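Q: Chains as they are written, first to last, in the working numbering: chain U, 1 to 524; chain V, 1 to 375.
It is possible that some hints are incorrect.
Listed next, with one range per pair, are the computed distances between beta-carbon atoms [what the hints assert, rightly or not]:
#, chain 1, residue 1, chain 2, residue 2, range
1, V, I107, U, S282, 30 to 36 angstroms
2, U, E418, V, G223, 57 to 63 angstroms
3, U, P509, V, E53, 51 to 57 angstroms
4, U, N153, V, D46, 26 to 32 angstroms
Here are some, though not all, of the chain U residues that point toward chain V, as calculated from beta-carbon distances under 8 angstroms [said to hold, decoys possible]:
#, residue
5, L61
6, Q67
7, V241
8, H245
9, A274
10, M317
11, A319
12, P448
Since the hints were derived computationally from the structure, they do not count as laboratory data.
Quick caveat, the model's predicted, so the values are computed rather than measured.
Don't be surprised by glycine CBs; every beta carbon is placed ideally from N, CA and C.
What follows is each chain in one-letter form.
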Amino acid sequence: MSTATTHDAHHEEHPSGLMRWVTTTNHKDIGTLYLLFSLLMFLVGGAMAMVIRAELFEPGLQFVEPQFFNSMTTMHALIMIFGAVMPAFVCLANWLIPMMIGAPDMALPRMNNWSFWILPFAFAILLSTLFMEGGAPAGGWTMYPPLVMQTGNAFPFLIFSVHLMGISSIMGAINVIVTIVNMRAPGMTMMKMPLFVWTWLITAYLLIATMPVLAGAVTMLLTDRFFDTSFFNAAGGGDPVMFQHIFWFFGHPEVYILILQAFGIVSQIIPTFARKPLFGYSSMVYATASIAFLSFIVWAHHMFTVGMPLTGELFFMYATMLIAVPTGVKVFNWVSTMWRGAMTFETPMLFAIGFVIMFTIGGFSGLMLAMAPVDFQYHDTYFVVAHFHYVLVTGAVFAIMGATYYWLPKWTGHMYNEKLGKLHFWLSTISVNVLFFPQHFLGLAGMPRRIPDYSVQFAGFNEISSIGGFAFGLTQLLFVYIVFKTIKGGEKATDQVWEGAHGLEWTLPSPPPYHSFSTAPEVK
Amino acid sequence: MLVTKTKRALTAAAGIAALFGATSAAAEYGLNLTTGVTPISREAYDLHMLILEVCIGIGVVVFGAMFISIIKHRKSRGVQPSQFHESTTVEILWTIIPFLILVGMAIPATKALVAMEDTSNADLSIKVTGYQWRWGYDYVDNGISFISSLATPKDQIYNKAKKDEHYLLEVDKPLVVPVNKKVRLLITANDVIHAWWVPALGMKKDAIPGYINEMWFKVEKAGTYRGQCAELCGKDHGFMPIVVVAKDEADYEKWVAEQKGEAKADEQAAQRTWSRDELMARGEKVYNSSCAACHQANGEGVPGAFPALKGGAVTTGPVAGHISLVLNGKPGTAMAAFANQLSDVELAAVVTYERNAWGNDTGDMVQPSDVKAAR
Numbered sequence: 001m002s003t004a005t006t007h008d009a010h011h012e013e014h015p016s017g018l019m020r021w022v023t024t025t026n027h028k029d030i031g032t033l034y035l036l037f038s039l040l041m042f043l044v045g046g047a048m049a050m051v052i053r054a055e056l057f058e059p060g061l062q063f064v065e066p067q068f069f070n071s072m073t074t075m076h077a078l079i080m081i082f083g084a085v086m087p088a089f090v091c092l093a094n095w096l097i098p099m100m101i102g103a104p105d106m107a108l109p110r111m112n113n114w115s116f117w118i119l120p121f122a123f124a125i126l127l128s129t130l131f132m133e134g135g136a137p138a139g140g141w142t143m144y145p146p147l148v149m150q151t152g153n154a155f156p157f158l159i160f161s162v163h164l165m166g167i168s169s170i171m172g173a174i175n176v177i178v179t180i181v182n183m184r185a186p187g188m189t190m191m192k193m194p195l196f197v198w199t200w201l202i203t204a205y206l207l208i209a210t211m212p213v214l215a216g217a218v219t220m221l222l223t224d225r226f227f228d229t230s231f232f233n234a235a236g237g238g239d240p241v242m243f244q245h246i247f248w249f250f251g252h253p254e255v256y257i258l259i260l261q262a263f264g265i266v267s268q269i270i271p272t273f274a275r276k277p278l279f280g281y282s283s284m285v286y287a288t289a290s291i292a293f294l295s296f297i298v299w300a301h302h303m304f305t306v307g308m309p310l311t312g313e314l315f316f317m318y319a320t321m322l323i324a325v326p327t328g329v330k331v332f333n334w335v336s337t338m339w340r341g342a343m344t345f346e347t348p349m350l351f352a353i354g355f356v357i358m359f360t361i362g363g364f365s366g367l368m369l370a371m372a373p374v375d376f377q378y379h380d381t382y383f384v385v386a387h388f389h390y391v392l393v394t395g396a397v398f399a400i401m402g403a404t405y406y407w408l409p410k411w412t413g414h415m416y417n418e419k420l421g422k423l424h425f426w427l428s429t430i431s432v433n434v435l436f437f438p439q440h441f442l443g444l445a446g447m448p449r450r451i452p453d454y455s456v457q458f459a460g461f462n463e464i465s466s467i468g469g470f471a472f473g474l475t476q477l478l479f480v481y482i483v484f485k486t487i488k489g490g491e492k493a494t495d496q497v498w499e500g501a502h503g504l505e506w507t508l509p510s511p512p513p514y515h516s517f518s519t520a521p522e523v524k
Numbered sequence: 001m002l003v004t005k006t007k008r009a010l011t012a013a014a015g016i017a018a019l020f021g022a023t024s025a026a027a028e029y030g031l032n033l034t035t036g037v038t039p040i041s042r043e044a045y046d047l048h049m050l051i052l053e054v055c056i057g058i059g060v061v062v063f064g065a066m067f068i069s070i071i072k073h074r075k076s077r078g079v080q081p082s083q084f085h086e087s088t089t090v091e092i093l094w095t096i097i098p099f100l101i102l103v104g105m106a107i108p109a110t111k112a113l114v115a116m117e118d119t120s121n122a123d124l125s126i127k128v129t130g131y132q133w134r135w136g137y138d139y140v141d142n143g144i145s146f147i148s149s150l151a152t153p154k155d156q157i158y159n160k161a162k163k164d165e166h167y168l169l170e171v172d173k174p175l176v177v178p179v180n181k182k183v184r185l186l187i188t189a190n191d192v193i194h195a196w197w198v199p200a201l202g203m204k205k206d207a208i209p210g211y212i213n214e215m216w217f218k219v220e221k222a223g224t225y226r227g228q229c230a231e232l233c234g235k236d237h238g239f240m241p242i243v244v245v246a247k248d249e250a251d252y253e254k255w256v257a258e259q260k261g262e263a264k265a266d267e268q269a270a271q272r273t274w275s276r277d278e279l280m281a282r283g284e285k286v287y288n289s290s291c292a293a294c295h296q297a298n299g300e301g302v303p304g305a306f307p308a309l310k311g312g313a314v315t316t317g318p319v320a321g322h323i324s325l326v327l328n329g330k331p332g333t334a335m336a337a338f339a340n341q342l343s344d345v346e347l348a349a350v351v352t353y354e355r356n357a358w359g360n361d362t363g364d365m366v367q368p369s370d371v372k373a374a375r
């Protein structure tokens with residue numbers, strides 16, 4: 001079934017050097033661009049996290065002033081969410097979806113190019129605010145008014161860059177949907193698609209549904225500031241809480257935009273290394289769809305303390321608790337897939353198992369946060385910080401790293417260094433837990449989030465957390481080294497790469513031809 | 001070989017322990033939520049423990065199965081992978097069982113929530129106003145009203161002095177409430193969103209401009225309880241603590257009487273004419289607690305963010321414009337309206353101070369009566 005053909009080699013002609021990357025419409029080139037961009041943003045956002053952890057190492061103000069500290073937390077979040085995690089998933093979509101469904105490329109290649117090339121500009125604009133009068137945005141990535149109105153000259157640049165990120169995401173999502181719906185190989189029915197493709201399809205709909213909502217919310221901020229409207233200005237008859245409702249109507253599905261594909265990745269990796277089919281394929285698809293649906297009706301659990309009516313609080317509490325059911329189905333499925341398999345523990349499998357355990361810990365704290373009467377204590381404390389870093393770092397980021405190790409040999413034709421990969425996993429896992437686990441205790445003991453300085457009772461765990469933070473940050477340089485070394489060379493990878501791997505992408509040579517499937521494969 | 005290895009590990013461990021010991025001898029390691037001192041806080045604590053235990057239980061089962069599988073079902077042990085998959089019975093079971101557990105947790109949570117939101121039949125109502133970055137308290141029933149700000153000196157924050165026990169959790173004037181009375185807070189804000197939170201009282205509520213939110217507590221034990229603002233509110237969000245002192249009925253009454261006496265004295269002070277020295281001395285105090293956070297103690301502000309008052313257009317311009325700006329603030333910026341935060345005396349003093357300090361030397365003097373007229 002291998003389609004390494006020679007007669008269509010003329011298709012592979014493309015400009016070389018810089019212009020290859022600027023003008024490329026090839027899904028693999030664009031995937032690579034996304035990967036490198038997200039890696040760069042991961043390091044920039046990570047550097048900001050290091051500033052935060054350095055300032056919080058001890059009580060008192062040592063390195064930065066409070067205003068700059070707030071800029072760091074705000075920018076760290078915006079860069080990690082929109083610059084690192086989302087583009088990393090788009091990288092995977094570009095590289096993998098055509099290969100997994102048996103297509104030659106993405107359906108809309110020029111739009112693909114555009115959606116990538118918007119991003120460097122969006123983030124150049126966002127990062128330039130660090131040098132503006134009044135400093136970078138410091139009102140939190142949630143941009144709550146009225147506080148965000150106190151942003152200096154950076155304000156319109158913040159809004160414009162958010163708009164650009166939104167446009168890029170929407171175009172990426174359209175491309176994914178059009179590709180999946182139209183370009184599957186003959187015989188590849190919806191219910192035969194790999195789970196990674198399924199989770200991306202569902203995520204793409206979430207993106208199209210919610211990014212315009214964010215765009216609307218920030219546009220209202222813009223007109224409030226510059227055109228004397230009063231959407232969110234109480235003094236003008238507006239409502240500051242309305243912004244939070246609109247923002248979280250985007251924001252909660254966004255949370256799943258950052259994790260659903262991770263579910264997909266883990267559902268690809270675990271069966272491979274357990275050498276056993278996924279326990280319940282169709283229930284995984286339905287669980288993903290239910291989570292996506294529920295994500296639209298739980299937004300106000302981010303706002304239990306704003307003073308909603310009792311019935312509102314009850315509704316959002318019940319709906320939020322309900323998410324635990326499909327999420328549980330997923331975790332049970334992964335465990336059952338491992339059960340009585342014949343497992344080996346290469347780096348991707350280690351990251352997948354790490355994901356299942358630590359994401360579940362994040363899920364548990366999420367369930368705790370869903371309980372409104374206790375959320376009044378947890379809300380806006382380090383308990384929340386610990387929760388969302390467990391789901392986003394040991395969840396989304398670990399899945400992305402696992403995916404990189406899993407598919408990098410396919411992409412480059414070279415095996416990565418297994419010893420270094422395992423070292424990277426273990427160092428990351430230990431340091432990330434030293435970093436985030438004590439933050440649960442800090443939150444329960446009463447430390448609010450987003451503060452540059454704290455009372456002496458919180459000193460002990462902050463110190464431990466910072467040490468873990470520095471270790472985790474340093475460890476990621478190892479990841480960068482491994483990735484670049486594998487791109488440059490290494491042991492030749494076989495076409496199947498992994499003994500237990502199944503799926504169309506493993507039928508292609510490693511590295512795959514420039515246009516994945518020039519003739520559509522037949523799926524039985 | 002093994003001995004040297006163990007020795008080396010021990011030395012390393014001791015080294016790490018010494019490092020921690022040296023830098024955090026005074027640090028505490030609080031692990032869990034406080035049980036607190038109100039019926040609500042205890043209910044929250046019980047519920048917290050219940051969910052925690054349920055989560056740990058589920059975790060033990062799920063992770064247990066996983067670890068057994070990781071240990072036993074590995075290829076290196078020569079096992080053949082089983083190929084079983086899809087079982088509707090199992091799928092239904094692991095959908096229904098978690099659902100039932102959730103229902104079991106939702107019932108006590110609903111009860112607790114209903115109790116927490118019942119602010120009726122309060123014995124005492126206090127209006128709480130969040131300002132950047134201090135809290136204002138108005139006792140609705142007896143007219144007592146004051147502002148409560150951070151009392152920790154700057155030297156401690158910038159590590160020039162030793163940090164005391166209640167570093168960052170101490171205020172100049174705490175909120176005083178009677179024990180065993182249902183106290184209802186009416187919470188709002190003047191500029192941006194804040195959140196009022198004292199962990200021992202078991203509840204947190206956002207203070208939002210244009211909204212009045214309600215929460216209640218009944219403190220069962222006299223004592224001092226500390227908390228802080230819990231919603232990002234700008235530069236000094238980490239520096240607006242809350243201190244609640246719960247007193248026995250008799251002590252509380254005594255405190256109320258003292259406050260009323262002070263209020264009367266303040267009223268008289270506002271009637272008389274103040275000397276220049278008095279105004280400057282009082283003004284410096286007010287400036288340092290209310291203005292210096294942004295405009296800086298030396299009046300030079302922060303370029304690009306907070307304008308300089310030293311030689312500033314407003315502080316050296318017409319007096320009326322200066323008074324009006326301080327009273328009403330500047331919408332859309334961090335400059336707050338101080339009309340409700342400061343008394344006539346304090347406003348007169350601080351405006352006088354700003355017009356004559358740092359070489360501004362306008363020679364202008366503003367009396368409390370001038371401020372009253374400008375309100």
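Q: Each hint should be assessed against the structure and marked as holding or not.
A: Right, here's what the structure says about each hint:
1. V:I107 x U:S282: 30 to 36 angstroms: 32 angstroms, holds
2. U:E418 x V:G223: 57 to 63 angstroms: Hint holds: Cβ distance 59 angstroms, inside 57 to 63 angstroms.
3. U:P509 x V:E53: 51 to 57 angstroms: At roughly 53 angstroms between Cβ atoms, V:E53 and U:P509 fall inside 51 to 57 angstroms, so the hint holds.
4. U:N153 x V:D46: 26 to 32 angstroms: 50 angstroms, violated
5. L61: 6 angstroms, holds
6. Q67: Nearest chain V Cβ about 5 angstroms off; hint holds.
7. V241: It holds, given that the least Cβ distance between U:V241 and chain V is near 6 angstroms, below 8 angstroms.
8. H245: 13 angstroms, violated
9. A274: Since the shortest Cβ distance to chain V is 7 angstroms, the answer is holds.
10. M317: Given a least distance of 7 angstroms, the restraint on U:M317 holds.
11. A319: Since chain V brings no Cβ nearer than about 11 angstroms to U:A319, farther than 8 angstroms, the hint is violated.
12. P448: 5 angstroms, holds
Violated hints for the displayed structure, listed by number in ascending order: 4, 8, 11.
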